[in-house]
Structures are given as C-alpha cells and as structure tokens.
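Colleague: Produce the complete structure using the sequences and hints provided.
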Amino acid sequence: MRIMLFALLLITKFSTAQPAVVNDYIKAHLPSWQLCRNEDYPASFWSFYSRESLPFFTAVDINDDNRVDYGVLIRQRQEIRLLIILSDHAGYTHYLSDTLAGTTLDYCLLPAPPGRIDIAFPAISSLILTANGINLMKMENRMCIYYWNGASIDIFKTL
Amino acid sequence: MAMKYLISFLLLLTGCAGADMNTVQDIDGNVYPVVRIGKQLWMAKNLEVTRYRNGDSILLLHDDIKWSTSQEGAYCMYQHDTGYVRDYGLLYNWHAVSDSRNIAPEGWRIPTSEDLAILVASLRGDTVAGVAMKTAAPGYWHYPYTGADSSSGFAALPGGYRYGPDGSFHTLGSNGYWWHNRGSYELYAWSNRFYSYFADVQRDPEYMEFGFSVRCIKE
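Residue numbers (the working numbering), protein chains in the order written: chain A, 2 to 160; chain B, -15 to 203.
Quick caveat, the hints were computed from the structure, so don't treat them as lab data.
Please note that the accuracy of each hint is not assured.
[What the hints assert, rightly or not] Pairwise CB distance ranges, derived in the manner of DEER restraints:
| hint | chain 1 | residue 1 | chain 2 | residue 2 | range |
| --- | --- | --- | --- | --- | --- |
| 1 | A | ASP99 | B | SER41 | 52 to 58 Å |
| 2 | A | GLY103 | B | ASP65 | 43 to 49 Å |
| 3 | A | SER51 | B | ASN14 | 41 to 47 Å |
| 4 | B | ASP133 | A | ASP66 | 52 to 58 Å |
| 5 | A | THR94 | B | HIS64 | 27 to 33 Å |
| 6 | A | SER33 | B | ASN6 | 57 to 63 Å |
| 7 | A | ARG78 | B | ASP65 | 21 to 27 Å |
| 8 | B | ASP71 | A | ASP89 | 21 to 27 Å |
| 9 | A | LEU160 | B | PRO189 | 30 to 36 Å |
| 10 | B | LEU44 | A | SER54 | 41 to 47 Å |
| 11 | B | ASN14 | A | GLU80 | 53 to 59 Å |
| 12 | A | ALA44 | B | LEU44 | 35 to 41 Å |
| 13 | A | ARG52 | B | VAL112 | 35 to 41 Å |
| 14 | A | ALA91 | B | HIS46 | 41 to 47 Å |
Don't be surprised by glycine CBs; every beta carbon is placed ideally from N, CA and C.
Modeller: Below you can see the structure in the form of structure tokens.
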C-alpha cells in the first residue's frame, strides 16, 4: 500500500510539473524514444541538484515568439538526445540534437536568460543572448547553450 | 454629540488616507494603484508617463537606429504596439530614468538598489521573492510561472525589454525588467527568484540604451 501511495504521489507530481503535450508529442512523433526520468540518474548526480527538480525538462520561449517551448532529454536504449518542442500558431514542431556524449544520464537542462556569455577556453568567443536559451549541463558543468539565432536553433559551446 | 464628531473625524481621516495611499497620478493623468509592502509604498503598475514632471515631453522613438544611438531620454511601447501599454506600460531608456527633470510623479522616485534590498527582505528573501511579486492572473506569465501568488500586490508582469544595440524587442511573456537607480532588476517565468544582474550602467554604459519598465517608490 505504501509503495502504491508513493507511486501515486510521484505520478501526481510528474503530471503537474510537466505539460501533457510533451509526452503526447514524443508518442506521436518519436515513438521509439522515451522521456528520461529522475530514476534514470545516478546517485552522484543528486549531489548537485534537488531531487524535487526535473533535470530532464525545462520550459522557455526559446525562439522569442511569445509562446512557450519545451526542452526535454529523451533516450532510446543507451542513446541520449535533447528534444526541443517548438510551439507556433499551427501546433508544434521539433528540433532534435545530435547524440549526447556518453551513455550515463548525468545531463541537466536549465533556462539561460538573456545576457552576454564569454568563453576563454578552448578559444575566446562570445554569445549575446537576446532571448531565453537552454543550458545543457553535464553534472554541474555547462557544456553548451542551445539558442535561437533568428532562423533556427544553434549551439554555443562552453566546454 | 462628541461621539458624532469623533466618528466624522475618523471617517474623514480614513477617507483621506485611502485617497492618498491607494492611487497616484502622473502628469499625463494616468492613475496607478499603490501597494504597501512592508514599510514601503510602491506603484502596482508599470509607468506609462510621456512627460517629465515639469511638463517637457519625453522622446518617443520608434526607429531602431535612433533608439540605439539616442543620448536623450526616450520611451517606446513593446514592438511599437500601443495595445501593450495598458497592461505593460512603457519601456524607457536610462537617459529618461536618470533625467533631472524627473520621470516619477511628485513625491515618488526611481527605486534605489537599497530600496530593492528592503523589498526583497520583506518578501522572505531573493530566492522566493518572485512568487509574491509576480501576478498570478492568468494569461501573462508563460508556463511554468513557478508558483506566482500575487500576495505582495506588486503585480509584476513580464513586459520584456528593448535591446539597446539594435532596438529589437524580446521576451514579452517570459521575462520582466525594471530600472533601479544603477541598473535593472528582473523576474523570469521559470524562477521564483528575484534577480538583479542583467544591466549595470556603471559597469557597462551600453545598457543605458536598453528599454526597461519602471516602477516608482514613494519618497
């Protein structure tokens, strides 16, 4: 009974924290892929993040069209990718990243607010982010920022 | 008889206090609700005045190049759409906010960073102040508008900003930006936090050409 109750609480939290459109979209358009889950993360990951968070999910208006978009980590067997579900007046489209390095799920998605990001290594480079982007973190380290370049999703590498 | 005078006096007192405390009017005649948060009195709506306190007009700049190069005080509406003004107010550059002719109504001023520290402390600190500051009214903050409850009455809306270098508009519905006396403070749809990191005009004068919303505080 306790296990059932706990499972119900988890399901409730899950469903309120993340809109149904995410699951529906994956089922309809990428049926062989599965949304990552908190249970998929190694214990060491939770040294850096709260277990109350959903590290595989974020919601920002990445293309600045006044409609919220969703970033999620999805997996197919050992392969992990970032899926960005873009909303527009007609419905939804998506951007699918290349396969992320490694087979262990230790990635996290965080919103990246507008600002200037300067990188000194491996080469000096800057990104001026005018809209919200998505940080891809590996454990506590930021690997890159996914952002809208005015026409499509682009990547700014930070590690 | 004495009781009658006492009641009349109390009613008069209450009425006067209500008139003063509940609204403030700018030189254009726009009326703003006023909210008490801790010991401070704040406008509960973004500024939409088009003249300085002395009656001089603030420059309305639609043109992107003129906006990005103006050294004069200027304002605009998000994406030049007057339909946004009623809810979100106007966006002003730093020159307008810091002009000695004063953009704030008589008896009011642009908040200092110290004012904001007091505000945030009275709202249980910067990690959760956004909850109380943001309006919970539907249709403004994008999902997930993490737990906004309107409890402070500040009723912050995500009015976006105008980017200084090219005059473009960004983040309506997601982010709100307001001026304080040295830079900006921000609220994001995806966070409960109160932020004040985006623009610092002393560190980087480039931000003087950015367009942000304005909330005034009672002197």
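Colleague: Against each hint, give a clear statement of whether it holds in the structure.
Modeller: Against the structure, the hints:
1. ASP99/A - SER41/B: 52 to 58 Å: Once the Cβ atoms are compared, 54 Å apart, the range 52 to 58 Å for SER41/B and ASP99/A holds.
2. GLY103/A - ASP65/B: 43 to 49 Å: Given a distance of about 46 Å, which is inside 43 to 49 Å, the answer is holds.
3. SER51/A - ASN14/B: 41 to 47 Å: holds, 43 Å
4. ASP133/B - ASP66/A: 52 to 58 Å: violated, 28 Å
5. THR94/A - HIS64/B: 27 to 33 Å: holds, 28 Å
6. SER33/A - ASN6/B: 57 to 63 Å: Holds, since SER33/A and ASN6/B (Cβ atoms, about 60 Å apart) stay within the stated range.
7. ARG78/A - ASP65/B: 21 to 27 Å: Between ARG78/A and ASP65/B, where Cβ atoms are some 48 Å apart, the hint is violated.
8. ASP71/B - ASP89/A: 21 to 27 Å: holds, 23 Å
9. LEU160/A - PRO189/B: 30 to 36 Å: Holds - the Cβ-Cβ distance for LEU160/A and PRO189/B, about 31 Å, lies within 30 to 36 Å.
10. LEU44/B - SER54/A: 41 to 47 Å: Since the Cβ atoms of LEU44/B and SER54/A sit about 44 Å apart, the hinted range of 41 to 47 Å holds.
11. ASN14/B - GLU80/A: 53 to 59 Å: Between ASN14/B and GLU80/A, where Cβ atoms are some 57 Å apart, the hint holds.
12. ALA44/A - LEU44/B: 35 to 41 Å: Since the Cβ atoms of ALA44/A and LEU44/B sit about 58 Å apart, the hinted range of 35 to 41 Å is violated.
13. ARG52/A - VAL112/B: 35 to 41 Å: Given about 19 Å between the Cβ atoms, the range is violated.
14. ALA91/A - HIS46/B: 41 to 47 Å: Violated: the Cβ-Cβ distance is about 30 Å, outside 41 to 47 Å.
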